[in-house]
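Chains W and Z are the protein sequences, given in the same order. Just so we're aligned, residue -5 is where the first sequence starts under this note's numbering, counting upward by one. Just so we're aligned, residue 37 is where the second sequence starts under this note's numbering, counting upward by one.
Each hint should be verified, as a subset may be incorrect.
To be verified - The list that follows gives simulated cross-link-like pairs (lysine-lysine, DSSO-like), each with its CA atoms no further than 30 Å apart:
hint, chain 1, residue 1, chain 2, residue 2
1, W, LYS74, W, LYS349
2, W, LYS313, W, LYS180
3, Z, LYS184, W, LYS192
4, W, LYS74, W, LYS227
5, W, LYS308, Z, LYS163
6, W, LYS192, W, LYS308
7, W, LYS148, Z, LYS184
8, Z, LYS163, W, LYS189
9, Z, LYS71, Z, LYS176
10, Z, LYS79, W, LYS148
11, Z, LYS39, W, LYS8
As the list claims (entries may be wrong) - Here are a few chain W residues that sit away from chain Z, every Cβ distance over 12 Å (derived from the structure):
hint, residue
12, LEU73
13, GLY266
14, GLY309
15, SER380
16, GLU381
17, LEU382
Keep in mind that the hints were calculated from the coordinates and are not lab data. Here a beta-carbon is modelled for each residue, glycine too, at the ideal position from N, C-alpha and C.
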Amino acid sequence: MGRPVAVIGTGQTKHGKRMDVCYPDLVREAVAAVFEDTGLSPDDIDGVVSGTMPSMMEGVAMTHFYFADAMQAVGKPILKTETCGSTGVSVAHSAYYWVSSGMANMVLAVGHEKMNEGDSQATMTTVAEPFYQRYFISGAPGVFSMQSQGWSVKFNISEEKVREAAAIISVNHHNAAFDNPYAHVKLRLTVDAVKNAKIITYPIRLYDVCPNSDGACAVIFASSEMVKKLGKKAAWIKGVGYRGEEQFFGDSDKAVWASAVDAAKEAYGQAGITNPRKELDVAEVYNPFTYQEMLFYECFGFCEFGEAPDLVLKGVFSKDGELPCDPSGGVLCTNPIGATGLIRVAEAAMQVTNKAGDHQMPGAKTALAHAMGGIDQFNGVMILSSEL
Amino acid sequence: MEKEYRTIETEVRLPYRLAYGETWTRFFEGMKEEKIFGSKCPKCNRVLVPARTFCPRCFVDTDEWVECSQEGTLIAWCLTNYTYFAQPIAPPFISGLIRLDGTDVNFLHLIDGFDLSDLEEVKKTVKNGMRVKAVWEHNKRGHILDIKYFSPV
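Work out the full structure: start from the sequences and follow the hints.
Okay, here's the thing in structure tokens:
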């Protein structure tokens, strides 16, 4: 670890189908919000990091140049990172590295996506080469459905049980979204409605899948000297972990998913966490698919492998459970992909600084933020705490 | 009612000619002869399929070519039931991870050869752990879809 770094403010757009704004104006909405949240101005920022999923989602390449004005990056060093779904956490990690290294005191991190302007799944399929994998991955749902299907069978989880647990997760998150002013899809669902919804990629059904969202998120990372100087409430970064895997989906085990396991282990090690279910107060797990969320609980050591559906049925990860997961409604209700991982970091920071409003988990001190990306290839984790 | 603003229709259309290089070229020549080629890593001894120039874990050249079995075991699957722009295969279709006999990674391809229209019937047919074998197209062009699909044995 380098020198201590904290999140001192966050800004989000209202996420959803945002055909009322052009893309740079959407980005500016989040950037303006973080300056309003912190009382800072662009002059205070030493550098800017941004990211999208594949740039071609919106048909404009090199979006960090497109958004130079909206991010107030003119006259400053600027970086871009692009790791598919985990982009937002990669952006957060880059900002963290930059400040932690001592090369900057205050860095603006921005994640953004406008998924309703193109064809999101066609765009995502271009992540796979056209020699072999592109024909079979079927956008994001295909890959994650295959992973989830293989996981549930490997651990002898009955289809009835996993479907019931997935439905409970879906109902809870869609309900939780009503408490999050930025969330996209807010629905009152029943377990039966989720279980019997239209199949998208079996075993995944309509309400097991995240929406296509337009949105942006901006977060300011600051050194401890700056936090002290400004006298701000801060969410301290206690651990970061990021791991990748081989390019081919079939080359590694996706049920006991090494990149997820090891990214969490790395972050826990830095943060001194040995029993995450007890020591974490809240987790913002990257959960674009209900089934996959359970797989993450296991990879992150919240429970044993194969045990997650039972614990979901017992309410362990519900709002009033032992370890509430995604009280924001999570990715399942809001997924502007390039922003999504950074939203997890922002939500975790809001929780540990008691700024999460109607979806605040009372007394939350330590939170996990996570994002996953690539063709099941990358995982990134960040641990945030109210204490330095 | 919210005010509606104007939009612009646009598209990005760019041609590419991607180089296969030596390994992919030989792999796809094999497809034309109804052969599935893999590579054996001299260090970890894993048989990797499709064939590789190098082992992704050991980072050593994988010069030993292996003709893989055309039969294997289904590890995981999903049935795609939605469409997107320029989708290469029309839904419904099943993608599966297949562990070809004698190999050490999962091969990604289609599972087909039976009626896919009724999910309940599909679930009776398709089971993880079931045996599948490659079914080839009549006219082959040196492409991954020269294998039409893998069907239950």
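How the hints compare with the structure:
1. W:LYS74 - W:LYS349: Roughly 28 Å between the alpha carbons, so the hint for LYS74 of chain W and LYS349 of chain W holds.
2. W:LYS313 - W:LYS180: holds, 16 Å
3. Z:LYS184 - W:LYS192: holds, 28 Å
4. W:LYS74 - W:LYS227: holds, 28 Å
5. W:LYS308 - Z:LYS163: Judged against 30 Å, a Cα distance of about 29 Å means the pair holds.
6. W:LYS192 - W:LYS308: Given that 30 Å is the threshold and the Cα spacing comes to 26 Å, the pair holds.
7. W:LYS148 - Z:LYS184: Cα-Cα ~27 Å, so holds.
8. Z:LYS163 - W:LYS189: holds, 21 Å
9. Z:LYS71 - Z:LYS176: Measuring from Cα to Cα gives roughly 11 Å; hence the hint holds.
10. Z:LYS79 - W:LYS148: holds, 29 Å
11. Z:LYS39 - W:LYS8: The hint holds at about 17 Å.
12. LEU73: Its Cβ never comes within 12 Å of chain Z, the nearest being 24 Å, so this holds.
13. GLY266: holds, 31 Å
14. GLY309: Per Cβ check, GLY309 of chain W is outside 12 Å of chain Z; nearest 28 Å; holds.
15. SER380: Given that every Cβ of chain Z is farther than 12 Å from that of SER380 of chain W, nearest at about 39 Å, it holds.
16. GLU381: Holds, since 40 Å exceeds 12 Å.
17. LEU382: Since the minimum Cβ distance to chain Z is about 39 Å, LEU382 of chain W lies beyond 12 Å and the statement holds.
Consistency note: the structure conflicts with none of the earlier hints.
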